[in-house]
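Participant: Given only the sequences and the hints, what does the whole structure look like? Please build it.
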Amino acid sequence: MRSRERPSTDVFGEAWERLFDPPVAHRGLWTPDGAPENSLAAFQAACARGYGIELDVQLTADGEAVVFHDERLERMTGQEGRLRDHTAAELGALTLKGTDETIPTLADTLTMIGHRAMVFIELKTPFGDVGPLEKRVTEVLVDHNGPTAVIGFNPYSHAWFADHHPQILRGLDSYGWNDEGARKLAPEMRKSLAALEQVEIARPDFLALGLDMLPSPRADLYRAKGMPIVAWTVRSPDQWEGVRDHCDNLIFEGFHA
12 MRSRERPSTD VFGEAWERLF DPPVAHRGLW TPDGAPENSL AAFQAACARG YGIELDVQLT
72 ADGEAVVFHD ERLERMTGQE GRLRDHTAAE LGALTLKGTD ETIPTLADTL TMIGHRAMVF
132 IELKTPFGDV GPLEKRVTEV LVDHNGPTAV IGFNPYSHAW FADHHPQILR GLDSYGWNDE
192 GARKLAPEMR KSLAALEQVE IARPDFLALG LDMLPSPRAD LYRAKGMPIV AWTVRSPDQW
252 EGVRDHCDNL IFEGFHA
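Note that the sequence shown covers residues 12 to 268 in my numbering.
Simulated pairs of lysine-lysine, BS3-like, Cα-Cα distance not exceeding 27 angstroms:
#	residue 1	residue 2
1	Lys108	Lys195
2	Lys135	Lys195
3	Lys202	Lys135
4	Lys108	Lys135
5	Lys236	Lys202
6	Lys135	Lys146
If you anchor each label on the Cβ, the simulated ranges turn out as follows:
#	residue 1	residue 2	range
7	Pro226	Ala72	38 to 44 angstroms
8	Asp21	Arg246	33 to 39 angstroms
9	Gln90	Pro33	33 to 39 angstroms
10	Glu91	Leu232	44 to 50 angstroms
11	Asp154	Gly92	29 to 35 angstroms
Since the hints were made in silico from the structure, they are not lab data. All C-beta atoms in this analysis are idealised placements derived from N, C-alpha and C, irrespective of residue type, glycine included.
Facilitator: Here is the structure:
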């Protein structure tokens, strides 16, 4: 059975079809000397070219979901401290990489995007803290009429959605043993992620796998059973050519897919 033929359109609607196409711009269509990552300008640029959008969300001190990747503020804003120690209003007053762009809320971001793009919302939920961010994201999604999916590395976050809101499309992130992000983890966790042992806990609808996990017999097996595979982060056409026969879409940056 091909992944696209899995009978999930009735459950997920347009989000299921747009999981497969078009390609997805990683943190929006940003450039080092232009629109910053995870900014409204980067999302507008992705919409203008017809791409899907991947973005990151975290919870603020006052319980709002905002779009930002790093745990700390320094790299993108030049300010010190952790994002979660600030309110949404305080974060919204900071500018990104010396531009006029600021840290947007998820609600404002989805309002701007509307129905123009499929949005992959990566929840940065810390282990042991499942619930608050998931609830706020769900509240925002109720008022959004465009296609969306939630993604992330925390399998218990996915399990929360599976139990409480199974109509929301879910994609489990994972990376292999040698990925830079995995090197920060304990060896046991790195081994578990590389072996896709989290799938049973997460119960995802698709997998979002780092390039160092593709191709792999285990991923091919899940795909053959009807679970689509999205590759990330693809940074050149040659990288995509190397894995495209083993996955269904790509999250890209640094070129136009």
